[in-house]
Every structure is written in C-alpha cells, then in structure tokens.
Amino acid sequence: KAGVTQTPRYLIKTRGQQVTLSCSPISGHRSVSWYQQTPGQGLQFLFEYFSETQRNKGNFPGRFSGRQFSNSRSEMNVSTLELGDSALYLCASSAGQGRVGAFFGQGTRLTVV
Amino acid sequence: QKEVEQNSGPLSVPEGAIASLNCTYSDRGSQSFFWYRQYSGKSPELIMFIYSNGDKEDGRFTAQLNKASQYVSLLIRDSQPSDSATYLCAVPPTGANSKLTFGKGITLSVRP
Numbered sequence: 001k002a003g004v005t006q007t008p009r010y011l012i013k014t015r016g017q018q019v020t021l022s023c024s025p026i027s028g029h030r031s032v033s034w035y036q037q038t039p040g041q042g043l044q045f046l047f048e049y050f051s052e053t054q055r056n057k058g059n060f061p062g063r064f065s066g067r068q069f070s071n072s073r074s075e076m077n078v079s080t081l082e083l084g085d086s087a088l089y090l091c092a093s094s095a096g097q098g099r100v101g102a103f104f105g106q107g108t109r110l111t112v113v
Numbered sequence: 001q002k003e004v005e006q007n008s009g010p011l012s013v014p015e016g017a018i019a020s021l022n023c024t025y026s027d028r029g030s031q032s033f034f035w036y037r038q039y040s041g042k043s044p045e046l047i048m049f050i051y052s053n054g055d056k057e058d059g060r061f062t063a064q065l066n067k068a069s070q071y072v073s074l075l076i077r078d079s080q081p082s083d084s085a086t087y088l089c090a091v092p093p094t095g096a097n098s099k100l101t102f103g104k105g106i107t108l109s110v111r112p
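So the sequences go chain by chain: A and B. Yeah, the first sequence ends on 113 if you go by the working numbering, and it's all consecutive. Yeah, the second sequence ends on 112 if you go by the working numbering, and it's all consecutive.
Chain A on its own, in the form it takes in the complex:
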C-alpha cells in the first residue's frame, strides 16, 4: 500500500508570491490534515479535510487555504508569502473515523526569501 505522497519536496519562493502544495493520501483514507512545523513553534495544525469538506481549522490567517478533491487528494495554498511562512509543511492521512492515528508524508520544505 503506497504511503502519503507530497509534492514538491522543496520550494524556494519570494515574499509576496503564492504557493500551492499537493498531497495524495493513503488509498482509502478520506481525511487529510495539514500541519506546519517550525523549530520555534513545533507542529501546528492548519486544517483538515474530510470528503471534500473542511472539518477542522487551526489558528492561521486566511492566507492559508486548502481544498480536497473527490479522489481525496488535497492541495494547500499560501498567498502573499511572508518570511515567517518558511517551514516544513506536512500532510497527514487518516481514515478519519474513530481512534485512528494519522500517517505523515515526507513533507514540503518551503523557504521564503
């Protein structure tokens, strides 16, 4: 069974630009969550999509948005990039029901210059 796939693995963007990250969950998993990881703040929850609907949202500004497609693949978009958006962005896949854990992709390392 293939794992969670995130693309691209690395990105360098300039302040003010926008970026789109992609995540393909484990086959059969309908929940996709996005997290930001930085040395100072640790792992912070961005949002979760389940069956194409946003089910949970973290405390991030509206510049961070996402969506999920009918095949459960998800994209995350960050507009008007700031230097502080430099981080490892992780996607997590789960069945979304009951007491199950989440499985992470390799992450996308975003650097904003």
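None of these hints come from the bench; they were simulated from the model. Only a predicted model underlies this, so the values are computations on that prediction, with no experimental measurement involved. Treat the hints with care, since some could be wrong.
[Claimed, not checked] Estimated spans, in silico, between C-beta atoms of each pair:
no.: 1; chain 1: B; residue 1: G16; chain 2: A; residue 2: Q17; range: 45 to 55 Å
no.: 2; chain 1: B; residue 1: E5; chain 2: A; residue 2: N77; range: 30 to 40 Å
no.: 3; chain 1: B; residue 1: P14; chain 2: A; residue 2: Q41; range: 27 to 37 Å
[What the hints assert, rightly or not] Looking from chain B toward chain A, a few residues come up when the C-beta cut is under 10 Å (computed):
no.: 4; residue: Y36
no.: 5; residue: R60
no.: 6; residue: F61
no.: 7; residue: K67
no.: 8; residue: L100
no.: 9; residue: F102
no.: 10; residue: G103
[Said to hold, decoys possible] Derived lysine-lysine pairs resembling DSBU-like cross-links, with alpha carbons at most 30 Å apart:
no.: 11; chain 1: B; residue 1: K67; chain 2: B; residue 2: K56
no.: 12; chain 1: B; residue 1: K42; chain 2: A; residue 2: K13
no.: 13; chain 1: B; residue 1: K99; chain 2: B; residue 2: K67
no.: 14; chain 1: B; residue 1: K42; chain 2: B; residue 2: K56
no.: 15; chain 1: A; residue 1: K57; chain 2: B; residue 2: K99
no.: 16; chain 1: B; residue 1: K99; chain 2: A; residue 2: K13
no.: 17; chain 1: B; residue 1: K56; chain 2: B; residue 2: K99
no.: 18; chain 1: A; residue 1: K57; chain 2: B; residue 2: K42
no.: 19; chain 1: A; residue 1: K13; chain 2: B; residue 2: K104
no.: 20; chain 1: B; residue 1: K104; chain 2: B; residue 2: K42
no.: 21; chain 1: B; residue 1: K67; chain 2: B; residue 2: K104
no.: 22; chain 1: A; residue 1: K57; chain 2: A; residue 2: K13
no.: 23; chain 1: A; residue 1: K57; chain 2: B; residue 2: K67
no.: 24; chain 1: B; residue 1: K56; chain 2: B; residue 2: K104
no.: 25; chain 1: B; residue 1: K99; chain 2: B; residue 2: K42
no.: 26; chain 1: A; residue 1: K57; chain 2: B; residue 2: K104
Beta carbons: idealized from backbone N, C-alpha and C, even for Gly.
Starting from the known structure of chain A, fit chain B onto it as the hints suggest.
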C-alpha cells in the same frame, strides 16, 4: 496551561538503558493518545497509540496512560543508538480525532 506539554528534555541515556518520555495534556475528554518518532530531517512516524488506562506494550516500547492524572508516557527498553530521535506526544481534542495537538517533543540521544 498548554494543551500538550512535554517538559523533560533533551534526554541522553546509555545504550541498553530504559528511556522514559513523559507527556501531560489538558483536555480531560481526550480519548486517544499517540506517540510519534521523528528523525532529524524526516517526517513524524506513528509508533504507538493507547486508548485505555494502563500499559500497552509493543516490542521494546511501552505506552502508559493515566487519565485521572492526564498523563501519558513512553518507555523504551534496551535503548539503541537508532532510537536517537525526537519523540512527539499527540492528543486529539474531544470529538475531533483527526486534529492532533502535538507537544514540542523530547529529543532522545542514546550513547553507544
């Protein structure tokens, strides 16, 4: 009080010793608890989960849960240098199983 706290660390133990990693959480309604291991430069990997009070053993790993004290721990027996990593405790809030709140993590170093 922060939602999930992992205060002890970094932790250094000799090879073969028992490493004890601790985590406290604030939401009394939380039902499931997860431990992730993250090697430097890699993404977190789920290694243990526990739902019921008491101990759960999986190989060299034992998770311990005390809901009354809102405390979950991970014991690693016969620690190996390959266990050197950051260990993250994750707790979903009540009713939101797919939204995980992570502690800051404990960095474990196992000395050969």
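Checked hints:
1. Between G16 (chain B) and Q17 (chain A) the beta carbon distance is about 51 Å. The supplied range of 45 to 55 Å therefore holds.
2. The given range of 30 to 40 Å is respected by E5 (chain B) and N77 (chain A), whose C-beta atoms sit roughly 32 Å from each other.
3. The hinted window of 27 to 37 Å between P14 (chain B) and Q41 (chain A) holds, with their beta carbons roughly 32 Å apart.
4. Hint status for Y36 (chain B) relative to chain A: holds, with the closest Cβ pair at about 8 Å, below 10 Å.
5. Proximity of R60 (chain B) to chain A is violated relative to the hint, the smallest CB-CB distance being about 19 Å (cut-off 10 Å).
6. Taken as an interface hint, F61 (chain B) does not check out: its beta carbon lies about 14 Å from the nearest beta carbon of chain A, beyond 10 Å.
7. Hint status for K67 (chain B) relative to chain A: violated, with the closest Cβ pair at about 14 Å, above 10 Å.
8. At a threshold of 10 Å, the smallest CB-CB gap from L100 (chain B) to chain A is about 6 Å, leaving the interface hint in force.
9. For F102 (chain B), the interface hint holds, the least distance from its beta-carbon to any beta-carbon of chain A being 4 Å, beneath 10 Å.
10. The interface hint given for G103 (chain B) holds, since its Cβ lies 7 Å from the closest Cβ of chain A, which is under the 10 Å cut-off.
11. The suggested pairing of K67 (chain B) with K56 (chain B) holds, with an alpha-carbon distance near 14 Å, which does not exceed 30 Å.
12. A threshold of 30 Å between alpha carbons decides the hint, and for K42 (chain B) with K13 (chain A) the separation of about 22 Å falls inside it, so the pair holds.
13. Pair hint K99 (chain B) plus K67 (chain B) holds up; C-alpha atoms about 20 Å apart against a cutoff of 30 Å.
14. Under the criterion of a C-alpha separation no larger than 30 Å, the hint pairing K42 (chain B) with K56 (chain B) is consistent with the structure, at around 26 Å.
15. A hinted pair counts as satisfied when its Cα atoms are at most 30 Å apart, and K57 (chain A) with K99 (chain B) qualifies at roughly 9 Å.
16. About 28 Å separates the Cα atoms of K99 (chain B) and K13 (chain A), which keeps this hinted pair within 30 Å; it holds.
17. Only pairs whose Cα atoms come within 30 Å are accepted, and K56 (chain B) paired with K99 (chain B) is accepted, the gap being roughly 23 Å.
18. Between the alpha carbons of K57 (chain A) and K42 (chain B) the distance comes to roughly 25 Å, so the proposed pair stays at or under 30 Å and holds.
19. Straight-line distance between C-alpha atoms of K13 (chain A) and K104 (chain B) comes to about 27 Å, which keeps the hinted pair within the 30 Å bound.
20. Of the pairs offered as hints, the one joining K104 (chain B) and K42 (chain B) holds, with about 16 Å between alpha carbons and a cut-off of 30 Å not exceeded.
21. Taking the CA atoms of K67 (chain B) and K104 (chain B), the gap is near 20 Å; set against the 30 Å cutoff, the hint holds.
22. Proposed proximity of K57 (chain A) and K13 (chain A) is supported: the alpha carbons are some 25 Å apart, at most 30 Å.
23. A hinted pair counts as satisfied when its Cα atoms are at most 30 Å apart, and K57 (chain A) with K67 (chain B) qualifies at roughly 26 Å.
24. Distance check on the hinted pair: K56 (chain B) and K104 (chain B) sit about 23 Å apart at the alpha-carbon level, within 30 Å; holds.
25. Only pairs whose Cα atoms come within 30 Å are accepted, and K99 (chain B) paired with K42 (chain B) is accepted, the gap being roughly 21 Å.
26. A C-alpha spacing of about 20 Å is found between K57 (chain A) and K104 (chain B), which places the hinted pair at or below 30 Å, so the restraint holds.
The structure does not agree with the numbered hints 5, 6 and 7 stated previously, though it agrees with the rest.
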